[in-house]
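K.L.:
Sequence:
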Amino acid sequence: MSAVLTVGSPTLAGYSLILTLLNARWVKGELFRGINYPNPSLRDAVVQVLSSLQQVPLRVHPGESGQFESLVVLPDNDNWWTAFAEELDYSHTWSIASATSIAWVVVAYILTVVDSLSDVPANIDSNGQGTGSIWLWLLPIVIGWLLLSPKCDADRVHIAYKKANKNAVVADVRDPNKSLSVTSNYGFTIDARPFDNDTASPDELRTPPVFNYARTLSWSRSVYVTSLFYRAAWRRASRSQVAVDPAVAFQDTPNNEVLPGNRRGNRAQVIHYCQPQSHYPGDIRWAPGVFFNMVVASLVSLVLQWGTTLAAFLVVWFTPTTMLGCRSLAYLIYGALSTIVWMLLVLSSILAHYGWENTDDEQGGSYSFPIPSAHVVPDTDSAGGSVSAMSMQRSDAPSGTDSTFEMSPILHTAVPTHQIQEPSESDTINAESNGASSPLLPRRDRLAARGRIASRLAMGTARCLRWIGKALAIVNAIGIIVNSIFQYASVYDNCYCDSSALGRGLTNAFNVIKPSNSDIHLAWAAWIGALALALSCSSFFVVTIYLLRDSIPS
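Quick note: the sequence shown uses the numbering used here, first residue 19, plus one each step.
Because the hints were derived from the structure by calculation, they are not lab data. Here a beta-carbon is modelled for each residue, glycine too, at the ideal position from N, C-alpha and C. Among the hints, erroneous ones may be present.
As the list claims (entries may be wrong) - Quick list of the computed label-pair ranges, beta carbon to beta carbon:
#1 A267 / D107: 29 to 39 Å
#2 P278 / K180: 19 to 29 Å
#3 N273 / A172: 51 to 61 Å
#4 E48 / K180: 22 to 32 Å
#5 R522 / R51: 27 to 37 Å
#6 D107 / V509: 25 to 35 Å
#7 P272 / M19: 52 to 62 Å
#8 I570 / V509: 20 to 30 Å
#9 I570 / A172: 48 to 58 Å
#10 P220 / M361: 16 to 26 Å
#11 K181 / I570: 48 to 58 Å
#12 M361 / L277: 24 to 34 Å
Claimed, not checked - Result set (EDC-like, lysine to aspartate or glutamate): computed pairs, CA atoms no more than 16 Å apart in a straight line:
#13 K532 / D516
#14 K180 / E105
#15 K181 / D263
#16 K180 / D209
#17 K46 / D568
#18 K184 / E104
#19 K196 / D263
#20 K181 / E105
#21 K184 / E105
#22 K184 / D96
#23 K181 / D209
#24 K46 / D62
#25 K181 / E104
#26 K180 / E104
#27 K181 / D107
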């Protein structure tokens with residue numbers, strides 16, 4: 019299906035390619051800018067891992083299990099990031115065979131055009147130039163993926179993930195100096211479950227790079243949440259200079275590296291240490307900057323698509339008999355359907371992400387009533403009293419606020435919906451005393467019902483748009499291949515097509531048996547202009563790829 023989508027919509031293929039580069043640049047240059055937790059080398063490993071996982075359904079699950087927070091804070095998990103980054107540090111890039119194949123295609127295209135321009139009266143047929151231009155988008159796309167070398171080998175990525183998980187640990191519930199090995203890393207996953215409401219679209223599970231359009235929003239959200247946790251930990255270490263365990267004195271270093279002794283604590287301390295200070299549901303659902311990247315990728319891909327399409331169209335339009343004919347109409351239909359497929363699939367990805375009823379939304383993160391932590395691990399203090407592992411007193415809590423830490427419902431994603439406790443009576447009373455609207459549960463039910471209806475409507479619309487887009491892509495791919503065969507099989511060499519009856523009408527249509535000098539000069543100029551247009555747009559696309567790749571901070 020990936021090949022069909024690529025041929026059926028070069029716009030979508032170029033969009034996914036440019037968006038992948040922009041996302042990598044966004045992670046390194048914006049999200050993790052100014053973050054050196056715990057040190058620059060490990061920060062680079064984290065960024066490399068996140069940037070390399072654009073071909074899989076990446077999910078992060080902050081929550082009471084503390085697995086994700088332990089990956090961020092605990093020094094014992096440094097090996098997890100470095101090992102994962104090393105396993106992902108591979109590339110399928112240029113080879114002699116690929117370079118030779120691309121060079122041969124370029125040479126063949128140039129020779130075809132040169133041969134046509136050398137004797138225009140004898141080569142007044144525009145089949146070679148038109149077909150060559152309409153397929154010229156393929157070269158920049160192939161070159162771009164060779165330069166980018168995405169990690170689209172699902173088996174290899176999962177093997178690297180499993181190897182890294184052998185080094186994963188989670189903080190102990192009680193002992194701040196003890197960590198526990200984990201059998202499954204539920205805090206950081208790359209294998210979503212499509213039948214467990216864990217993906218917005220089934221295309222998220224497909225690793226070919228053309229399907230990056232479906233993963234961008236969910237991937238960017240996961241990466242953005244990760245950066246929030248790292249930034250919160252870095253601020254506590256660099257500004258507040260407090261250790262994870264408040265009973266341990268913070269050890270400073272001249273190079274601002276956070277020492278391992280400052281990063282140890284029990285599970286509740288680890289969870290609290292890297293909690294973002296401020297976050298909003300809108301920012302968590304839609305990562306900041308992702309739509310700008312989508313717009314830029316759209317513009318660049320449209321330049322490639324319509325640069326090559328218009329070049330093929332102009333070649334046929336100005337070849338006697340001029341104006342709209344069978345060949346030129348086929349090229350316009352191909353470009354239009356390619357653009358429509360791209361629009362439908364991108365719109366479906368946005369609607370699917372909006373309507374995706376993940377555990378974040380179902381826990382009521384955007385509502386103004388308290389949600390108690392689910393599955394609180396009981397601990398026992400020296401006096402025999404029960405202490406919640408999800409709440410603790412911090413000496414560095416802001417003054418004038420309750421220093422007892424409670425998990426944020428917005429980022430709390432580790433608990434299934436049916437296991438979440440309803441607000442207790444005391445929670446409702448406390449909320450009412452704080453000025454929350456009353457009654458809370460009916461308001462919550464109304465908002466939840468509206469949200470479910472909107473989500474289902476969005477998901478249903480996204481599903482229909484995805485089906486329509488893929489169907490049009492199949493039709494468009496078959497159509498452009500059949501059109502190329504028809505041209506070289508002389509199917510279009512008939513009175514109706516040669517007379518441009520579509521554009522001139524049946525009464526004004528005519529066939530050119532012997533072109534005049536003005537016809538020859540017009541065709542020659544149009545062919546030169548079309549060649550320049552196709553080559554310049556293709557070169558613009560390739561140059562943009564190089565510039566974006568070189569602008570990624572090292």
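K.L.:
Now tell me if each hint is right for this structure.
P.N.:
Results for each hint:
For the pair A267 and D107, the beta carbons lie near 38 Å from each other, so the given range of 29 to 39 Å is met. Taken as a hint, the range 19 to 29 Å holds for the pair P278 and K180, whose Cβ atoms sit roughly 26 Å apart. In this structure the hint that N273 and A172 lie 51 to 61 Å apart at CB is violated, the actual value being about 39 Å. Range check, E48 to K180: Cβ separation about 31 Å, and the 22 to 32 Å hint holds.
As the Cβ distance of R522 to R51 is approximately 59 Å, the hint placing it in 27 to 37 Å is violated. Checking the proposed 25 to 35 Å range against D107 and V509 shows it is violated: the Cβ atoms sit about 51 Å from each other. For the pair P272 and M19, the supplied restraint of 52 to 62 Å holds, since their beta-carbon distance comes to about 55 Å. Distance hint for I570 and V509: a CB-CB separation of about 48 Å, inconsistent with the stated range 20 to 30 Å.
For I570 and A172, the Cβ-Cβ distance of about 24 Å falls outside the hinted range of 48 to 58 Å, so the restraint is violated. At about 20 Å, the beta-carbon gap between P220 and M361 stays in the expected band of 16 to 26 Å. In this structure the hint that K181 and I570 lie 48 to 58 Å apart at CB is violated, the actual value being about 26 Å. Evaluation of the 24 to 34 Å hint for M361 and L277 yields a failure: the beta carbon distance comes to about 52 Å.
At most 16 Å may separate the alpha-carbon atoms for a hinted pair to count; K532 and D516 meet this at roughly 13 Å. The hinted pair formed by K180 and E105 meets the criterion: a straight-line CA distance of about 10 Å does not exceed 16 Å. For the suggested pair K181 and D263, the alpha carbons sit about 30 Å apart, so the restraint of at most 16 Å is broken. Of the supplied pair hints, the one linking K180 and D209 holds, its CA atoms being roughly 11 Å apart against a limit of 16 Å.
This hinted pair checks out: K46 and D568 have alpha carbons roughly 12 Å apart, not beyond 16 Å. Under the criterion of a C-alpha separation no larger than 16 Å, the hint pairing K184 with E104 is consistent with the structure, at around 14 Å. Proximity of K196 to D263 is assessed by CA-CA distance (about 12 Å); at most 16 Å being required, the pair is judged to hold. For the hint linking K181 to E105, the alpha-carbon distance of about 8 Å falls within 16 Å, and the restraint holds.
Restraint check for K184 and E105: satisfied, since their Cα atoms lie roughly 13 Å apart, inside the 16 Å limit. Between K184 and D96 the alpha-carbon distance is near 12 Å, which keeps this suggested pair within the 16 Å criterion. Using a Cα cut-off of 16 Å, the hinted pair K181 and D209 holds, with the two alpha carbons roughly 15 Å apart. Among the hinted pairs, K46 with D62 is consistent with the structure: their alpha-carbon atoms are about 8 Å apart, no more than 16 Å.
Only pairs whose Cα atoms come within 16 Å are accepted, and K181 paired with E104 is accepted, the gap being roughly 11 Å. For the suggested pair K180 and E104, the alpha carbons sit about 13 Å apart, so the restraint of at most 16 Å is met. In summary, the hint linking K181 to D107 is supported, as the alpha carbons are separated by about 14 Å, within the 16 Å threshold.
The structure is inconsistent with the numbered hints 3, 5, 6, 8, 9, 11, 12 and 15, although it conforms to all the rest.
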